[in-house]
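J.: The hints should help you fit chain B onto chain A, whose structure is shown.
So you can see what is in the structure, the chains are spelled out below.
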Amino acid sequence: MHPFQYTEPQTLAEAVALLTAAPPVDARIIAGGSDLLDEVKEGIIAPGRVVSLAGVPDLDGIAETDGGLSIGAMTTIADLAAHPVIRAGYTALAEAAGGLATPQIRNVGTLGGNLNQRPRCWYYRHPLTPCLKKGGDRCYALAGNTKYLCVTGGDRCYIVHPSDTAVALSVMEATIEVAGADGSRTLPIGDFFVGPGVDVTRETALEPGEVVTRINLPRPAALGAGGQPPGSVYLKAREREAGDFALVSVAARLGIADGVIQQAAVALGGVAPVPYRARAVEEYLQGRAISAVDAAHAGTLALPDARPMTDNGYKVVMANNLVKQAVARLTAG
Amino acid sequence: MVAAYSVVGQPVVRGEGADKVSGQAIYTSDITLPGMLWGQVLRSPFPHARIVSIDTSRAAQLPGVHAVITGQDIPDRRVGRLLRDCPVLARDKVLFVGEKVAAVAATDPDVAEEALLLIDVEYEELPAVFDPLEAMTDAAPTLHENLASYPGLPRPMSPVNNVFAHNVWDKGEIEQGFAESDLVFEHTFTTQLMHQAYLEPHACVVDIDSDGRVQVWANNKGPFMLREQLAAVWELPQEQIRINPCSIGGDFGGKGSFMDVPLCYYLAQAAGRPVKMVMDYIQELMAGNPRHPGLITLKTGMKADGRIWARQARTVFNSGAYGAFKPRVHLRGADHSGGPYRIPHVHIDSYMVYTNNIPCGHMRAPAKPQVTFAVESHMDLIARAMGLDPYEFRMLNVLQDGDANPVGEEWLNIRAGDALRQAAETAGWYQPKAKPYTGRGISISDQPPGSGQSAAEVQIDADGKATLLMSLWDTGTGAHTVLRQVVAETLTLPVEDVGVVIQDTDAVAFESGPGGSRVTYTSGQSALGAAEDLREQLTVLAAEYLGGAADSVTLQAGQFQAGDGRAMQLKDVAAQAVATLGEPLSGQKTYTAPPSEYTSYCAQVAEVEVDPETGEVTVNKLVTAHDVGTVLNPLTHQGQIEGGVIQGLGYALMEEMETEEGRVSTLSLGDYKIPTIKDIPELVTVLLEPAGGPAPFASKGIGESSNTPVAGAIANAVYDAIGAPITQLPITAERVLRAIRGKEG
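First to last, the protein sequences are chains A and B. Oh and the first sequence: position 113 is 113 in our numbering, straight run, nothing missing. Converting from the second sequence to our numbering requires adding 1000 to each position, the first position being numbered 1.
FYI, nobody ran anything at the bench for these hints, they're computed from the structure. One thing to keep in mind: the hints can contain errors.
Here's a subset of chain B near chain A, in silico, CB distances under 8 angstroms, partners left out [what the hints assert, rightly or not]: (1) Pro1045; (2) Ile1282; (3) Met1654; (4) Leu1667; (5) Lys1673; (6) Lys1678; (7) Thr1732; (8) Leu1737.
Beta carbons: idealized from backbone N, C-alpha and C, even for Gly.
Chain A on its own, in the form it takes in the complex:
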C-alpha cells in the first residue's frame, strides 16, 4: 500500500491547514476510512498525507436546534439509523442509514464520509483502466458493461452517486456546512453534489482544503390545521441484502393536510451521477388530493429524461416501480 503521513489535528483550523499546507501532497481527509483506505489499497489514489478528523471537537453528534436538527459530519451511520428523532421525523434518512452497507461499516462510517465517498464504477475502481475520472483519456463504460451505471445526467462519465443518505437528505431540504481556509459556508444539498458536466474528477462542490462539518435538517414547516408532520420513506433495490449499493433507490417525503398533498419531495439514487430529484413526480403530487393520486402514474414520471445505456434499461423499470411503491405507501389511508 502506498505510504502516507498520518496526522490527527486537534482543531478544525489545524485540519484545514494540514489539507492545504505547501508543498501540495494530495492530502486527504479520513473519517471512518472504509472508502478512503480501499482507494489507497486499490491504487486509485496515492495521498501523501491523511488528515484524521477524529481529534477535532464538535464534529460528532446529533443536536436538536431551534431550526431543526444539526448532525455533525463525524456522526456514525449507526448512530444516525438509531436516533429516535430521526427515526420518527426523518424516517427516510433513518431507513437509508439502517440499510447501508453492513453493521461493521455503519459502526465506523460517518455521514460526512458517506456524502463524500467516491463512485463504485468498476472502471474507476480498476487498476488497469485509466478512466476520465482518474485523469485518463476516456470513459471505458461507453464500450463496456453499463449495468450499474447512470440512466440520466451522464456527461462523458456515467457514474452513479453511491450514497444512500444523500438521496434521503435530498428530500429534506438539508444544508451542508463546510469549513475552509477562508471561513465557512453553507450549501443546499442540491448544490453540494456536482455532475461530471461541471467537473469529471469530483462529485461534490468542495474546494481543496474544505471539510464538511455539519449537516442541518430544517424542521418541516407546519402544514396548518389538520396537517401531519411529513412522512418519508426510503426504498432500495439491490442484489444482496447487506453490503450492497442501490441498483435504484427512492426517497420520498410528502406533507399532507386535509387529505391534500401540500409538499412533495422525491429523489432517486442509483440513476444519475448526483442524487436525482424527480421533479415531474413532485409536480404531479403537489396540491393533489391523496384520494386522486394514481401511484402507478406517478411512477411513470420518475425519469422522463432517462436515456438508458445498453445494459441498464432495467433501472428505469425499477425506478418507476419504486416511486409507485413509495407514493402508495405515503398516501395510504
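T.: Leaving out everything else, chain B in the frame of chain A:
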C-alpha cells in the same frame, strides 16, 4: 441396528478452533524467516500481446530491491497440475489480463510494489478471443501453437481449434434413442465465472538451504502433488523439496494450485534470500483460479408417457488462458449431464477451450454445479411443456436401486428417490403457495467420494495419550477432529486424549490431501487402519502382560480384559511398552482407496419470493435432504452442508466475476458479491437413515454434495414464481425483471 459408538457420532467441537479464533494458528503468510524478502509480480494489462521488450533497470536500482526477474531470466519450462502449459513468467507472449510478466523481491512489500511501477514493458497487442465458441472456430487465433509438445496433454488431440481436452461419455445408441422418442427438447444454459472466495488468498514462502534443499510453505492442500509439480518445473529431485505444513484459510477446491510457488523459487534463487509472496484480493480476482464458466446445451428425447429416452449433452468450458490449474485437465463433473435419471441412450461431449480469459481451476464439485443447474432447469422446462409436475416427473425417471446411471456407473444402494421424496415432503411440495410470485423448485444431484492415497501413524505415549500423525493439512473443514474421533473410537479413548501432529512431505511417501469429498473416506481409512494396527499391538502386549492369549483379550473403555477376568488399563499397557521398547508403540497404515461403490444423493427444494416490480429474489426456505452414511460428527457434517448451501445460493443469485475483453471488472469483495448472513434462508436439513458407506464406520463424504443442486432448485423456484425460465446464472434482479417483462411481451 445402529452400532453403539462412544465417540463417533458425537458433536465434538473442533480441536483447532481455539487456535484459529485466538490468532494462534499459523498460516503461510505468518511464516517469517531471517533475511526474508517480499516478492511482487507485474501483470499484463493486455489479454493477448507479444512482449516486445522489458526494461527492469530502473526497478533494479531502487534501494531495497534485491532481485528483478523476467521470463528471460529463468528456464523456459512450463508448469501444471497435469497439463504443463503455463509459463512461470511470460516469455514471448501474454495470454490474459493479469498474467505475470516480471517479478521483484524487495525488503518490504511497499518497496516491491514501487519497483513494479519502474518496470517498462513494451507490448504489441494481438487479436484476442474471449468466447469459447468463437475460439473453437478456425478464424480464431490459436493461443497455444505448441500444444502438442506440452506434457500431460490428453490424447488423441482434438482437431478443433483451441480445444485441449474433448471427453465423451456414451451409453446406448443416441441416434436410435432420438428416433424412438415422441418429443425432443433442447435448451442451452450459461453459467458464470465464480471465485472460491476463501478468506485467505494464495501465499507462499520459499527458502533455499545452503545445501540446495528447497523449503516451501504454501497454502496448498495437496503438498505431495505440489512437490511433484515443482520438481518437474524446477528439474529437481522430489527429495530435494520439502513442503512444510500450515493451516489453510479456506479451500473450496481452489487451494490445490501451485500459483506463485514456482516463481517464488526463482526469486529466492536470484536474491539469495528467502522470499514470501502473498496475493491480495485484487490479484485473486484478477488471476486466481476460479470456477469455469459453462455453456451447456442439453437435448432430450422423451416418450409421450414422460420417460426420458435419450440425452445428448454438449458442455463447453471456458478454461481461459491455461489448463494448468486442473488436476485432470478436463472436468469430470461433465459426466453428470444426464443427472441421476434412468436414460437408456446418452451421449455427452465435453470441451475444454482456451481463450484469453483468466485461467480457471477447481471449485467445489468441479463442473457439477454447472451441469446440474442446466440438467435440473432442463427437467423443469420439459415437465412444464409436457404438463407434468416437476417432482412427479423426477420420481418417474429417477434411478432405482440396481440401475446403471446415465454414464453406466452402478452404485450400491441407490436412494435418489428417497432423497427426492423426503425433500418434497419436508418442504410441503403440494401445499398451496401463500401469495403470487412465490415459487418452489426441486433439484437433485449426487456426489461419490473421491479415491486417493493416505498414510497415517498413531502413537501412544506412556500417559496413554494417542497422537495421530499425518500429512493431511487442515483446510478448515474440521477433518482433523473427525479423524481424532475415528482413532479415539478404535482405541476406546476419550477424544481429548487423541492429538494430531501434521507432518511435512518428508514424513510419508504420499498423501492425496483433501479434494473430491475424499478425506473421510481415504484419510479416514488410513487413520482407522493405523489405530487398528496399534490396537492389535497393544492387545498382544496386554495378553502377554496378563498372561493370556491375545484372542482372549478384549479392549473396552480404555481397559484390556482377559478371559479370566483380569484387567489392565490401556495406558498401563502403553506405559509398559514405552518402558520396554524405549519408544512409544506405533501403528501405521497406508491406504489406497479403490473407487467408492457408494455415491451420495442430495435433493433440495427451494422456496422463493420474487418482487415483480424490482426483480429481487428472496429465498425464504431451503430443504436439503441427504443420503448419508453414519454421521461421524454432526457438527462438522452440518457445517459442510450449510456452507455448501450458502455457497450454492451465492452461485445461484449473486456471485459473478464479470469480465470485459478478458479483464475482470469485479476486483473487490464489494463488487464481487458473496451472500451475507441476511441473504441466508431458513435451512432445513433432512438426513436419511444412515445406510452404509465406504468410509470408516460406514460413513460417507459430505464436502461437496449440498453445493451442487442449489442453483437448480432456486432457478426452478424462480421459474415457478414468475412463469418464465432463467437460463443464465446468476439470477439477478435485472435478469428476473427482464424475464418477467419478456413474458408480458
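J.: Could you run down the list of hints and mark each one as holding or not?
T.: Hints, verified against the model:
Interface restraint check for Pro1045/B: the shortest CB-CB distance to chain A comes to about 5 angstroms, inside 8 angstroms, so the restraint holds. The interface hint given for Ile1282/B holds, since its Cβ lies 7 angstroms from the closest Cβ of chain A, which is under the 8 angstroms cut-off. A hinted interface residue such as Met1654/B counts as satisfied when its beta carbon comes closer than 8 angstroms to some beta carbon of chain A; here the least separation is about 5 angstroms, so the hint holds. A distance limit of 8 angstroms between C-beta atoms decides the matter here; for Leu1667/B the minimum to chain A is near 6 angstroms, and the interface restraint holds.
Because the smallest distance between the Cβ of Lys1673/B and any Cβ of chain A comes to about 5 angstroms, under 8 angstroms, the interface hint for this residue holds. Hint status for Lys1678/B: holds, given a least beta-carbon distance of 4 angstroms to chain A, under 8 angstroms. Below 8 angstroms, beta-carbon pairs count as interface contacts, and Thr1732/B has one with chain A at about 6 angstroms; its hint therefore holds. Because the beta carbon of Leu1737/B sits about 5 angstroms from the nearest beta carbon in chain A, less than 8 angstroms, this interface hint is met.
Violated hints for the displayed structure: none, as all numbered hints are satisfied.
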